[in-house]
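A.B. asks: Chain residues, written in single-letter form:
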Amino acid sequence: MINTLIGDIGHLSVIIAFVAAIVSSYAYFMASRTSTEATGDTTWRRFARGAFYVHGAAVLVVIFALFNIIYEHRYEYYYAWSHSSNHLPVHYMISCFWEGQEGSFLLWIFWHVVLGVVLMNAGKKNKQWEAPVMAMFSFVQLFLTSMILGVVIGDVKIGSSPFILMRDFMTDAPVFAMDPNFKPEDGTGLNPLLQNYWMVIHPPTLFLGFAATLVPFAFAMAGLWKNKFGEWVRPALPWAHFAAVTLGIGTVMGAYWAYETLNFGGYWNWDPVENAVYIPWLVLVGAIHTLIIYRRSKQALRTSFILVITSFILILYATFLTRSGILGNASVHSFTDLGLSGQLFTYLTAFAVLAIGLLIYKWKHIPTTEKEISTYSGEFWVFVGAVVLCLAAFQVLTTTSIPVYNSFLGFIGIESNAALPADQIEHYTKFQLWAGVLIAVLTGIGQLMWWRKADKSSFKDAITMPLMLTLLFASLVIILSNKFDVFAFKLDNPVYITLFVTSLFAVFANLSIILNLLHKKISLSGGAVAHIGIALMLLGILFSSGYSNIISGNNSGMLYSREFPDEINRDNVLLWRNTTTDMDKYSVSYRGQFLEVAGVPDYVNKEVLFRTEDEYTAIARADIKIKDKVYYKTGDTVELPSPENTYYQVEYKNRETKESFTLYPRAQVNPNMGLLASPDIKSFADKDLYTHVSSVPDPNEEKEWSELQEYTVTMGDTIILNDYVAIFNGVEVIKEVPGVELKKGDVAVQADMKIMGEKKTYHAHPLLIFKDGMAGYYPEILEDLGLRLTFLNIDPAKQEFKIGVNTTQKDYIILKAMEKPFVNILWIGTIVMSIGFIMAITRRNQEGSTAKAPKAKAVKKADKAQVA
Amino acid sequence: MKKSHIIGIIIIAAAIMIIMSTAGDASTYVDFGEAKELAEDGSKTKVHVVGRLKKDAKGHIVGMQYDPLVDPNFFSFMLVDTNRVEQKVVYFNPKPQDFERSEQVVITGNMQNDVFVADKILLKCPSKYVEKEVKQNTTAGL
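Protein chains in written order, with my numbering: chain C, 1 to 868; chain B, 1001 to 1142.
For the record, the hints were derived by calculation from the structure and aren't laboratory data.
Ideal Cβ placement from N, Cα and C applies to all residues, glycine included.
Heads up, some of the hints might be wrong.
Said to hold, decoys possible - Pairwise CB distance ranges (calculated):
| hint | chain 1 | residue 1 | chain 2 | residue 2 | range |
| --- | --- | --- | --- | --- | --- |
| 1 | C | Asn516 | B | Ile1007 | 23 to 33 Å |
| 2 | B | Ile1007 | C | Val151 | 47 to 57 Å |
| 3 | C | Tyr405 | B | Gly1033 | 19 to 29 Å |
| 4 | B | Leu1069 | C | Glu426 | 29 to 39 Å |
| 5 | C | Ala173 | B | Arg1101 | 35 to 45 Å |
| 6 | B | Gly1033 | C | Asp172 | 47 to 57 Å |
Based on the sequences and whatever the hints tell you, model everything.
C.D. replies: Dropping the structure here:
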């Protein structure tokens, strides 16, 4: 029976949440009027708070309802059916919760609720800010909840409800005409690429970052609105840090997921969806820098307003890009169009117009300082750094938006056929690499300037040491790599050398800052730590991308086709099962197909598993043991948690060091998406070896077997099969056959054959069953040898047996392998950067909560020093 | 001139440079006729071509050539562009596994000696992201 109650509860709660958001934003608006504030009347505020809590509670109910639908496998709901399935473990149910657009909107809404509640309760310092900031919050929530409202008025569809029933979604499906209460047995499941633990934590982190950008924006808007042009910076600054670090970590998690799961061989592909987060992140980091300048010397306030507002508008633009379907031709993983593009566009324009309009209206009143910045001041260089960040963002934005220009020009009647650059990586690298160089230099110089009371001579003192260390270290690496082959790479490209040297400089300069601050106040060194993290990330990107090396190039010695003289990338190698092939410095062999078995810590060879009708169970044909520990005995039924995933065992042996290791690249042939390959990575201290299968023989396609050849043998006979020597040992009657019920009078006989393969001896036991007067054949397939043996008949009088043999192509895989030097430095850099950010949040937060007066004095002092 | 003005001018100059360069690097969607013309003019720029696979009456793909046993890095097929011009396309990589199922194909590359050498293939499968059909076997539960 279908359960409509839970969906109705969910849908009702969405409507309540929507209405409560309207009420709350109106009430907060009333509460923040100057006349209300002047009277000290808090009724509006209390009312607004109540409305926001109602809103939050309703959102929680919506989330509960949707999760319940997924968790209880209620496939009468489209969302559960299209994103989940019966065999999905709970942690992936969480992922499928936000796989769809509606769920990810819900995640975003949820984080806004959490942040809103924190802001409402965050100490006394924010009391003056609560009403205007929360008005903005509720206003955003109004738009977001409208996205999942799912209300149709006439021809206008507002939002897409996650609680839509299958029968309402697929009105044309004949099955619902026959039985409106029809409920599918199983869902279509979670996109297998998303079945990865990073997909459980990457989206919530990213959306927390998305949500957090609203806080500094709301403060900025409140500051403009209430004419508190400078005061908002203090409470907004730690939040800006928080948004930047969560957004940054979320993005890198996505990069790491791509590195681990997607087989394009990298963590960054310049996909529009990746760019859509990268752009606002750069601007937000730029905004943090101008805010810090303002905190110290009251400069760059207008720029701060522009950047904080821009970063939020860019978040909305990113949402529009990825969810409106506008990138359909350009991206592999944007969402499909849900018919919400108009609504998304409204959302985007509403906030853009509101924010920009308010900024222009108040522009004249924003205080500025007239004094000229000295080139020898930290502020100047930090400002230049913010400019570089914004230009880098602008470049990515300009290119990513190409499909938008097309649709816009199409909209006004001009046909445009511009496409994204054919080689995107080259295009973006051309700019981003130099932006990286500039940023590395500026972090060094900017930090040194910032912490010195700047003048020419003291700057010289400060920069000498880091500069010398950089030159020393850099020249050492360059000489060693080019002349003495100490490293796996040759650092001889002038562009790469530039990035290398500047990043090193950034590391040393910031280290010297930390050493200096050790004596004074270590808690101030968050910035320096974060900058070291960034510099390390740059180094990691430089080596892992710039010196990525494909080692599986075609070395078969076969003549390439005649007509193509141009440089051609042929990066894949064909590996026959059990035949060793030389690849770079390794000897590589493909050893067979393996599966995951529940309760067994290692992969299990497919040959030991007798597959049953139920995809998710199998019967063990031999003891399953790993390192002498027996996990299952012959005949036991085992559970296969992911039968669709096949792991291809690939053995690597280093020909020089004789060291060997085994990798299990994974692949699944998915009926909807073709071959989904996931790499396996062997990590060394200085590099990763990245291996994935590019192609496998289609397992769904019937194998082509040669014609059956019959052999009549007696016990102990030797025959030659497919070039292998085979010995027929004899036959035995067996009592039990897995998966077949033997009754009285049924006979099961199995032949025992031994076949000498290249590497080992195989035992084959084809079965012959006489059941209910019929003969049944259970042939044995030896994948390794490409043989199928069928036990055809017994002649008891002559003691002769008939064996049928078919042969086929041996199993193979096509493999791609590459080395990524020093990719670990990138991940380490991310962690260091995050630590730096967290230190800065702590510091800025304390600064925000300490009493205002002494701080203001300190600022003034610094100001004076500046003037002097 | 004030420093802020100089910075402003530099920003504007950089922005203009970025826009120009993007315009220069941007590729275009063309048909095979235009791709040939470009190649004859000696241009090596890479273009995007949108097309459909040539299929016979039974829905089988015509002219597809891939034998991993001979060369795992050579895949070729016929693509029909929007003007119904047929063209042999070569891709020096293994065949994408779901190729047969795709309806529309976007390729990136350029013409070289009468064949279009693709270095990227983007497949548009009918049901790649959103399931629109309730499968027959699920109705067995009736």
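A.B. asks: Please check whether Gly1033(B) and Asp172(C) have a Cβ separation lying inside 47 to 57 Å.
C.D. replies: Distance hint for Gly1033(B), Asp172(C) is violated at roughly 39 Å.
A.B. asks: Taking 23 to 33 Å as the stated bounds, is the beta-carbon spacing between Asn516(C) and Ile1007(B) within them?
C.D. replies: Taking Cβ atoms as reference, Asn516(C) and Ile1007(B) lie about 29 Å apart, which means the hint holds.
A.B. asks: Taking 47 to 57 Å as the hint, is the beta-carbon distance of Ile1007(B) and Val151(C) inside that range?
C.D. replies: holds (49 Å)
A.B. asks: Does 19 to 29 Å hold as the CB distance between Tyr405(C) and Gly1033(B), or does it fail?
C.D. replies: With Cβ atoms ~24 Å apart, the hint holds.
A.B. asks: Does 29 to 39 Å hold as the CB distance between Leu1069(B) and Glu426(C), or does it fail?
C.D. replies: holds (34 Å)
A.B. asks: Is it true that the C-beta distance of Ala173(C) to Arg1101(B) lies inside 35 to 45 Å, as the hint says?
C.D. replies: violated (21 Å)
Hint compliance for this structure: hints 5 and 6 are not met, and every other hint is.
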